[in-house]
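Colleague: Read off the chains here:
Protein chains: 2
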Amino acid sequence: MQTARVRFLPDDITVEIQTGELVLDAALSAGVFLRAACGGTGGCGQCKVKISEGAVEPLKMDKLSAQDRAAGFVLACQAKVTGDITVQVPEAKVGRKVIPRDEADRMRLTATPMESPIIPQLNPPAVQVLLQATPPTPGDNISDYERILRTLKVNHEIEPVTADLEVVKGIPILVREHDWKLTVSFRAEEFPALGGRAYRLQRVCGGHEAGHPLAMAVDIGTTSLWGELVDLETGEVLARASRYNPQIAMGDDVISRIVFALKKDGLEKLQKEVVRGLNEIIDDVLRHAGRRRDNLLFMTAAGNTVMTHLFLGLYPKFLRESPYVPVAQNIEPVPAGDLGLAMPPGAFVRVFPGVASYVGGDIVSGVLANGMWDSDEMTLFIDIGTNGEIVAGNRDLLMTASCSAGPAFEGGGLEHGMRAAPGAVESILIDPETLEPMIKTIDMKPALGICGSGIINIISQMLKMRILAQNGKFNSHLDTDRVRDGRNGYEYVICRAPETGIGQDIVLSEVDLDNIIRAKGAMFSGYTCLLSKIGLSVDAVDRVIIAGAFGSFINLDHAITIGLLPDISPEKFHFIGNSSLKGARLATLDTGLFERAKAIARSLTNVELSEDPTYMDNFMAALFFPHTRAELFPSVRL
Amino acid sequence: MQTARVRFLPDDITVEIQTGELVLDAALSAGVFLRAACGGTGGCGQCKVKISEGAVEPLKMDKLSAQDRAAGFVLACQAKVTGDITVQVPEAKVGRKVIPRDEADRMRLTATPMESPIIPQLNPPAVQVLLQATPPTPGDNISDYERILRTLKVNHEIEPVTADLEVVKGIPILVREHDWKLTVSFRAEEFPALGGRAYRLQRVCGGHEAGHPLAMAVDIGTTSLWGELVDLETGEVLARASRYNPQIAMGDDVISRIVFALKKDGLEKLQKEVVRGLNEIIDDVLRHAGRRRDNLLFMTAAGNTVMTHLFLGLYPKFLRESPYVPVAQNIEPVPAGDLGLAMPPGAFVRVFPGVASYVGGDIVSGVLANGMWDSDEMTLFIDIGTNGEIVAGNRDLLMTASCSAGPAFEGGGLEHGMRAAPGAVESILIDPETLEPMIKTIDMKPALGICGSGIINIISQMLKMRILAQNGKFNSHLDTDRVRDGRNGYEYVICRAPETGIGQDIVLSEVDLDNIIRAKGAMFSGYTCLLSKIGLSVDAVDRVIIAGAFGSFINLDHAITIGLLPDISPEKFHFIGNSSLKGARLATLDTGLFERAKAIARSLTNVELSEDPTYMDNFMAALFFPHTRAELFPSVRL
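Residue numbers (this note's numbering), protein chains in the order written: chain A, 1 to 638; chain B, 1 to 638.
Because the hints were derived from the structure by calculation, they are not lab data. Check before you lean on any hint, since a few could be wrong.
Since the list gives no way to pick one copy over another, a pair counts as held whenever it fits inside one copy or between any two copies.
Unchecked claim - With a cut-off of at most 20 Å between alpha-carbon atoms, the simulated PhoX-like pairs for lysine-lysine come out as follows:
| id | residue 1 | residue 2 |
| --- | --- | --- |
| 1 | K169 | K263 |
| 2 | K169 | K272 |
| 3 | K263 | K317 |
With these hints in hand, go ahead and build the complete structure from the sequences.
Modeller: Structural data, given as structure tokens:
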């Protein structure tokens, strides 16, 4: 990817962005306010700018008059940056109230995007072999099944092999209809205690035209389900899809799900719901990639301990009762059909092992993906999900804790919160003069709600512009109808009904803010407590890796301003995105990495924050933007 | 067991029998004819004899007059021999036509009964452990399942352990309701290629009061099903039961079953029928032993290749088409529930591996039990079942063949044939003078039919008394109404309708004889052909081990007279009974012996007699009693 310099006039602010991004992205990054109420759909036609130097690649321009077009105007949300340009903002007056240069610079700071440093071998737990057996003769009339086993051993060095009776049953007809040419798939079963692996025949197809073997890597989040379709022959991710976890209807967070599970048929209902969601994801990725369901050999799933229990139908009662005991952490592969998954017979599901009741397989998967287990650097890993989990350490020591942050940063529990999906407001810039918002939605679809990165973004700006006080209360004496007394106390109107995709105003209320301040307070007190267990302050951390299903890269200035992230050097921050899904993909491709995940799970030391008396004090002190102890956030000036 | 000498007067013939046997048994063994038409039920009251020296233990004597009783008379069929006695036969005249002394001696020759020489270790493939885990604490809150695994490893040295999800699901409630005291059962899975074994958790019960673990050893014969209930803690056989194989309704022999299996739903029906029969046997043995079905951990089944295919639902078509290929020979344990067996969840079925389409797991099991694989003696092993199988060799070499003998020696295909079950005529003595039969039935129940040993017995005598010619045709010019022209040509009336349990005459016809001569001809030509493949004559054999579900020990004189067994020294013959069932029991108790059986199956070299041109000639020559070449049976004089 290449970068380009975008200079905005009359403010004379220049930012560097990646080519292919929009002029609107550049304006958001520069802190240059444009009127953009529709979220970047090209629908309101208000964000017109003039390209005075260089050229852009225009998209939809039907909202511009022919005259404007002839004069070099474009819609900022419909103009792709392809090289260095100068942009004239027509309505801006020199000398107007703008965001100061240094703040605008800070605002651009994003955590360095990182991919997993772990390189998988192409060594999946299920393999497919194209086999050609010799037909039987009177002198060589061993059974069909033993003939297949012999061919596998001699020609493919695969042994020992076992098989379910149902698979064996199909062989005699298949071999004779296809001239003893078969496509056979196995599951490799590791027996570390025996120092070897065994193979389990899971599928036999006639001929050699079955197509590439496939697998699903999924992340079962409390709020969202994510899935990737992986080609096991090329290692390629063919498609990706996500959904809300349909269990949300039975509770926002893990505790309310457990409560529901203990009702009559509750566990069964929850199990069916999450499987329904995963089946929709499977449908989506297969359709999108144009591949056949038949070729799905297995699924690797990562989820927190509660989600894993509910997915497998394990009784979750004792997860929430001291001493917080799961039913099981290391579950061997389960037949996919037993769980109700729409996968072919023989397909199986591997579930990431967890560490404790509130530190699950998603964190193990995340640690696998972020590579801290293989690094000398003292790393703080923060997964901002429904259940905020943190891991601190390096190759010598790994400690972990969870801190019930709640789903606010995934949009849960907020009136107009939503997960990072098309239509979610992910970037907002508030005009310091008019207090009007300029918004951009994911995929530039009409706004449906606001997601985590949008929430961090808007609160930070509202704090800076004193729309919001540090205790999370609105300033009701402002000359704007954007702040008003709404259903849930005071609220800020992010998007007005006509510009939305839902036909009603999208707002952020004081009740929402209360949720958010608790969530960020839980996270902050969680990782500071955990670090102090190792005897470290936040400053001693070499790097912070942030995971979470944010729509775009997390904006550090905003996240530090609200007190979610520690106030340390921006270079130390890395954003890995959905690390649970990334780890699941690694383990899908490389079964050695799944074994590594088991070792990571064993080595992670869990700290029960709820049993640490300092945690609650820390939490109470953090219920303030950014914190009651201002000295912890020296660079934040409000 | 002790023996006693029984002397019969006036013929002055003395025989040695075991105490506890009946005077009737002694008479049959001595060749002393008594009138006994009812089969030994005590119903006809004709077999009265006087005990002139010594004493007997009388049973039912109501058919005797008070006068007779006072005079020392007893019914021979109702008098148990407890010590040496002299028996006066009242109606016999000195000088009448009797069976010569030397022939009577020969008639008593039975193959030496043998038990398996193989001593099993008490090392079954499923084990039960009484486990006491420590309850979780905040400092030790690993999952319930991992806690169980840890306890097994530390306290019982059992690892690695895997489990089905369904078993894991039950753990959290059980451990808490039973103070962390559990009874857990596992299947041991052998991985010879990995040099170790793994354990699969199959059942978890709360507390320590579950009772001894149990298993079923079964022999799935074409005609009969046999089952034993084994206590895995003591090694004891608790009960034994047998039934006809209900598949008989769909065909007498393996070929007709295969034909039926290829019809619509045929395979499914056959599979269900045999399982129905096995379920009845399971019911029988559990009821008889007063044990709980819950404690059944597994079944070890031995059957011929066709029976094994039908039991497992494997498509049998190619078993009967050259080159005679089975679907599979080594099937790993199958969940019992998948087959429809009435065994608890987690219970599994191990099936003995076979060698070829017509040399199956029953023979492998038989060889395991008879110990020829571990012996220096050149052994000929003959299993006289529906499908006559033979094995020749010793520890250095084992060769095998099958010879489609058909079910005649199990009573199949004969008008009044039946398997060796209560009510089957198993012994017959024909009065040389009157040609009247003296019969004894199994368990002395009213006669229902005639079984294998009875058939051998009666034919031999009919040959000697020239009731029957050597070509299997009746002499129609005899002064007796026992031989008559019946529905199926000439026939001999074994038991008249009023004396039977079926209300009709029990006969043996020329059509039956045709079946029998083919069956014995197939057996004889089979083992002589097989021996010649090794370059041996029958005389070079050190011992002959005979297996088969005969009612009593096989009478050598009779079996040699009809040409079923070779005419060699009687000392060489051993009778092992149902060796397939015996082998199944050994493998049930000792999984090392099941692994041994797999090695035996691999080492057995199969000879396809049907592809040997000399076999058919041999067979044709054997369709004569005892054989067209009289020099092969020098001791038989007819």
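Colleague: Would you pick out the hints that fail for this structure and give their numbers low to high?
Modeller: none
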